[in-house]
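Number of protein chains: 2
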Amino acid sequence: MNAEALTLPPLADAATLIAEMGARARAAAKRLGVAPTADKAAALHAAAHQLRAQAAVILEANARDMAAGKTAGLTAALLDRLRLDEGRLAGIADAVEAVAALPDPVGAEIERSVRPNGMELSRVRVPLGVVGIIYESRPNVTADAAALGLMSGNAVILRGGSEAVHSNRAIHAAFVAGLEEAGLPADAVQLVPTQDRAAVGALLRAQGLVDIIIPRGGKGLVARVQDEARVPVLAHLDGINHLYIDAAADPAKAVELAVNAKMRRTGICGATETILIDRAYSAPLAIVDALIAAGCEVRGDKAIAALSPHVEPATAGDWDCEYLDAIVSIGQVDGFAGALAHIDAHSSRHTDAIVTEDAATAERFLAEVDSAIVMHNASTQFADGGEFGLGAEIGIATGRLHARGPVALEGLTTYKWLVRGTGQVRL
Amino acid sequence: MNAEALTLPPLADAATLIAEMGARARAAAKRLGVAPTADKAAALHAAAHQLRAQAAVILEANARDMAAGKTAGLTAALLDRLRLDEGRLAGIADAVEAVAALPDPVGAEIERSVRPNGMELSRVRVPLGVVGIIYESRPNVTADAAALGLMSGNAVILRGGSEAVHSNRAIHAAFVAGLEEAGLPADAVQLVPTQDRAAVGALLRAQGLVDIIIPRGGKGLVARVQDEARVPVLAHLDGINHLYIDAAADPAKAVELAVNAKMRRTGICGATETILIDRAYSAPLAIVDALIAAGCEVRGDKAIAALSPHVEPATAGDWDCEYLDAIVSIGQVDGFAGALAHIDAHSSRHTDAIVTEDAATAERFLAEVDSAIVMHNASTQFADGGEFGLGAEIGIATGRLHARGPVALEGLTTYKWLVRGTGQVRL
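Respectively, the protein sequence lines represent chains R and C.
Note that full-length UniProt numbering numbers the first sequence so that position 375 is 375, with each residue one more than the last.
Note that full-length UniProt numbering numbers the second sequence so that position 53 is 53, with each residue one more than the last.
Pulled out of the complex, with its shape left as it was, chain R reads as follows (with noise of 0.2 Å):
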């Protein structure tokens, strides 16, 4: 796993290094900032085509570590995590491209405004800076985050897994082509260069020289970023998600969704883990079959595992359970009240759905639960930057500050304010 230790120079200082990267991005942001969008979008196309030309090398390297990976005896999930194939590089290379052809964030006005003295004061978005992402296993981060940080103007500096380092490094040299060839400072992208986790506790303390983290992974590296962190953290942490069935839910669209929820991708943040259902509701018995059908796991309390013999019995620790697997647990509740009461408790605020074809319930849920994506009638699958038309997603921010659900160009940049006068001076 290693021995791309034996390619590097010593790492004398994790410090040092981490605050000459840092220095090298900050010059480059200054130029990327003020970069035409046609520049930045140049940029992008050229690593595209880089991640297309170079496939035979990028697989390869991918190659390397998915030997290094199985003799580690990582899981088949992590694995395929880790695996790259003709069709997957391409589909990296396309969403490169496609991030190049979202509108440029940067320099957008977001308000204007002529003062009573007659200055003109406008606030437009700019870059936030120097953006260090850390993240695990899948080599499509290290594209991902390199595209929506150039088309955002920021410097990135990525540090991605050890069990991805050659493929890290292969995608990584794409962008550095493809900066070059645009006229952009290659600096713009870089990659930390060692796998010593003092590199990550070092720019994790870059305060400074790295204006935001964002973690990209699993709790355990979510919760040592939050930890450690002096520079701010947009983290991602549970999707504790719930799908609430009013009374007046319309029992076909109950079923269609619990299932689509829970069972179309059971990994995904977006998924639902609770399935709250009305007292009131008809049909409950139909969602709790549909989602065995459908190879799910229920553990419901004692109403729900009164509905049938395939019900296990629920624990107080399920309903704060995130189990991004096969697995529901469904309670019964006391209409809304009793459903908000129970989101209020055990939500992380991430994305909570409510089915029912009454408007004013709806409104209600909508107005009163407090998670980033609130949903009437529609799947909570659907959390997803990309579905959300914002193109990609670097991540999905369960914090309340900067940026709150699918974070993409926009929520990678900050604002300054301009003031256009004509000598006014203040009384």
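Each hint should be verified, as a subset may be incorrect.
[To be verified] Short derived list, chain C residues pointing at chain R, Cβ under 8 Å:
| # | residue |
| --- | --- |
| 1 | 113 |
| 2 | 128 |
| 3 | 129 |
| 4 | 260 |
| 5 | 374 |
| 6 | 375 |
| 7 | 378 |
| 8 | 381 |
| 9 | 382 |
| 10 | 415 |
| 11 | 420 |
| 12 | 422 |
| 13 | 424 |
| 14 | 425 |
[As the list claims (entries may be wrong)] Restraint ranges, calculated between C-beta atoms of paired labels, are given here:
| # | chain 1 | residue 1 | chain 2 | residue 2 | range |
| --- | --- | --- | --- | --- | --- |
| 15 | R | 34 | C | 326 | 34 to 44 Å |
| 16 | R | 112 | C | 251 | 25 to 35 Å |
| 17 | C | 103 | R | 34 | 25 to 35 Å |
| 18 | R | 197 | C | 358 | 45 to 55 Å |
| 19 | R | 335 | C | 113 | 25 to 35 Å |
| 20 | R | 112 | C | 91 | 28 to 38 Å |
| 21 | C | 367 | R | 16 | 25 to 35 Å |
| 22 | C | 422 | R | 280 | 21 to 31 Å |
| 23 | R | 112 | C | 57 | 36 to 46 Å |
| 24 | C | 113 | R | 368 | 18 to 28 Å |
| 25 | C | 71 | R | 34 | 51 to 61 Å |
| 26 | R | 280 | C | 223 | 50 to 60 Å |
| 27 | C | 252 | R | 13 | 46 to 56 Å |
Calculated from the structure, these hints are not laboratory results.
Since the structure is predicted, the reported quantities are computational estimates derived from the model, not experimental observations.
Note that CB positions come from ideal geometry on N, CA and C, so glycine has one too.
Position chain C relative to chain R; hints supplied.
Frame of chain R, contents of chain C only:
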């Protein structure tokens, strides 16, 4: 100074106190977050009425603080910040009513779209939740913070300075009465009932209970808050602001802007601290002379010091100094590029301005200077939420995340995504 401690039960555990206050704030925030605009405005009008009706009580409380402050040897400047009189109190009440008249940010739609599958997507503003505000001697902050918090639907936990403890309690009582009169939870505006510094520490670590901490005060306070906080902080650091006099500046505007930007009020964060003069500018001496005539001490680099025997030589530290006093550093630079390099190296990225009649140079300055506020032909003293039309401000943020520059009602909100479907499932 600690007389108030005698009137309180012994503080067994600061963390317990803050946890209890936080839980009550969270419950209040839930109600306030969905309260109609009219109810919030009614509470503010009732609070303003109380501030006027209870003027004698509030001024008597302030007199106790002033007497204690004199005994404790507070400086004249601090005593002036602490002092209330009929006029100042009326101004505080007026400011509360001005906030009540501002547009309610909660529920405002930021964007809306319809997805190809027919789902309606919208993004609407919601309150941040529970806001902790830690501040120093000015008792008007109690009213400003309470009013802005309440109008933006947030519960606030206020922790003022010990020197203003009686004034703050009397002003806080007006808000409790106003909330109760409007039928809103009194716990929406809480004042930490002890000056024990352990309570500040507990507030800074109240993750999950408090959504954001806003420090208002001097560098010592802000630095402590940033260092200790585990809750996100919206902080205001230095205002090392620059006024760049370009070769194409109008000399009359240059003199007027330089004197106003530096001398109108020297103690505010929007005051200019360094003036940069283009080597090619025709009349640098007039700027130096006008500042000296206005009572300002001028510290110049070699070129500026050579202009007048009244200029002191600047030392290296002068270029990174927030004087907050009638002192200015003036340096000569080589045109736009020289000014940009100096600002990049020394600005605290609060407010920087250019004086020029050359529109192209002005636009380059606005685009390339990366500060929260960038101005053309206007005094840096305008860096203020009220002057920007925000109605009031809770502070000026010098960080890059969430909010930048003057922070008012909108900066105290986040957003959520609403999805209105008709049964859509994800393929």
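* To do: Let me know if the C-beta of residue 374 of chain C comes in closer than 8 Å to any C-beta of chain R, holds or violated.
  => Holds. Min distance 6 Å.
* Hint check, residue 128 of chain C versus chain R [nearest Cβ-Cβ separation less than 8 Å] -> For residue 128 of chain C, the interface hint holds, since the closest Cβ of chain R sits about 6 Å away, which is under 8 Å.
* **Closest C-beta approach of residue 129 of chain C to chain R relative to 8 Å, hint status** => Where the cut-off is 8 Å and the nearest Cβ of chain R is about 6 Å from residue 129 of chain C, the hint holds.
* CB of residue 422 of chain C to CB of residue 280 of chain R, is that within 21 to 31 Å? -> Distance hint for residue 422 of chain C, residue 280 of chain R holds at roughly 22 Å.
* **Interface restraint verdict for residue 420 of chain C against chain R (beta-carbon cut-off 8 Å)** => OK, holds: residue 420 of chain C within 8 Å of chain R, min 5 Å.
* **Closest C-beta approach of residue 425 of chain C to chain R relative to 8 Å, hint status** => holds, 4 Å
* Hinted contact residue 415 of chain C with chain R - closest CB pair below 8 Å -> Holds, about 6 Å.
* Against chain R, with CB atoms and a cut of 8 Å, does the hint on residue 382 of chain C hold up? -> This interface hint holds because 5 Å falls under the 8 Å limit.
* Asked: Does residue 422 of chain C pass the interface check with chain R, least Cβ-Cβ distance below 8 Å?
  -> holds, 6 Å
* Proposed interface contact between residue 260 of chain C and chain R, which counts if any beta carbon pair is under 8 Å -> holds, 4 Å
* Asked: So does residue 113 of chain C sit 18 to 28 Å from residue 368 of chain R, Cβ to Cβ?
  -> holds, 23 Å
* That 25 to 35 Å hint for residue 112 of chain R and residue 251 of chain C (C-beta), does it hold up? -> Check passed, 30 Å falls within 25 to 35 Å.
Hint check: no violations occur; every hint is consistent with the structure.
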